[in-house]
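This note's numbering runs 1118 ahead of the 1-based position in the sequence shown.
No wet-lab data here; the hints were simulated from the structure. Warning: the hint list may mix true and false statements.
Here are the simulated distance ranges between beta carbons [claimed, not checked]:
hint, residue 1, residue 2, range
1, T1281, E1391, 32 to 38 Å
2, A1458, T1281, 47 to 53 Å
3, G1352, K1160, 46 to 52 Å
4, E1391, E1171, 36 to 42 Å
5, P1562, D1433, 43 to 49 Å
6, F1516, I1557, 32 to 38 Å
7, R1183, G1418, 45 to 51 Å
8, A1138, G1545, 43 to 49 Å
Glycine included, each C-beta is placed from N, C-alpha and C at the ideal position.
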Amino acid sequence: MPQIDDKLAPIYEEVVRRNAGEPEFHQAVREVLESLGRVVAKRPDYLEDALIERICEPERQIIFRVPWTDDKGRVQINRGFRVQFNSAMGPYKGGLRFHPSVNVGIIKFLGFEQIFKNALTGLPIGGGKGGSDFDPKGRSDGEIMRFCQSFMTELYRHLGEYTDVPAGDIGVGAREIGYLFGQYKRLTNRYEAGVLTGKGLFYGGSLARTEATGYGNTYFTRAMLQTGGTDFDGKRVVVSGSGNVAIYTIEKVESYGGKVVACSDSSGYIVDENGIDLDLLKEIKEVRRGRIGEYARLKGEGAYFVKSGEGSIWDVACDVAMPSATQNELTGKDAKKLVANGVIAVGEGANMPSTPEAIRTFQQAGVKFGPGKAANAGGVATSALEMQQNASRDRWTFEQTEARLATIMRDIHDSCYETAEEFGAPGDYVIGANIAGFIRVAEPMRAFGVI
């Protein structure tokens, strides 16, 4: 296991002590601190004024009750969260996640990652995250509307286009954003379009926002491949997940000549040796809101379904793996299987989907590895572009927005690549992303004094 520098070890120990029972948050902090030894060796002044300790402590943590009524008239109770982690570069920016697994530790891990991800975009946005342990699966539109209205009734007082700007995440799509924005507008009596991103196109949303995270991961992974003199053309690709991120990763990979042969949801995964039929996948997941197993039944020859628990999607041989579902989904065992099967690059479309053991396995095998805080920054980058359009009362074409996204993702790749070289770790995108993101946040924090 990589070691934390002796000067930084006490900081990590204090984070673990003060945030007991939050392993995902500990994991995210450790991964960053393991990279920062190289920085403090060159710049010991970053150890002054508890700068690193302050970055590891959220500026504000909000936990609240969310009561709502289901279709049978019964009152249900969920818990809501918003962690406003760091505003040194701009208003807090980060998604809302509605999923039964959500707790304060998950939200803090996501918010901490978001600080550095947002900094890497070069856009003026800070880091935050939020959500609830509410599960939208199987709920009617009316139930989801009543939950969202109750959730926003508490959260609205903490938001604003210059304060905190949430977006969507797992379980929060265009439907949920619409209900949340409607309630915010109702409570504040203001049409403050820039307070939420991921909005519908008819009320301030941005073209290319839906596609942005998947497209962005593809741009980043393609840039990694190009440093080795290759591209997606002719490559066999596996993409976990089947939500927005996975679907639009598949779309962009196929546009570059790659063949995506597998994707998944929580019920299992499907393999289609002829390449995923994107139209069919979109029909099942975006229109019917169905389960991935339907794909194999409807597609027929060449496609099959493997139930969850009966195998891993990472058993499927591929040249490029793009984990795009959830945290810690790709284990050390999975990584060894991928390496044995000849994988040459991994681009993280989800937040921290690879365990530390998996990352070490890839790096030791010489596999190009793009960490989520860099590779999946396309979503938040396009959210910031949506904020720009809202502020200027403008609307860009799809082509304009996609071109800006492509430029931002190329710049993120180059920044990570060059920073890794500068700090003596050529080709290590994890170290490059952590250090580049840290410096961009640390400098304004130093300028503001001890706050």
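Index of numbered hints that the structure contradicts, given in increasing order = 1, 3, 4 and 8
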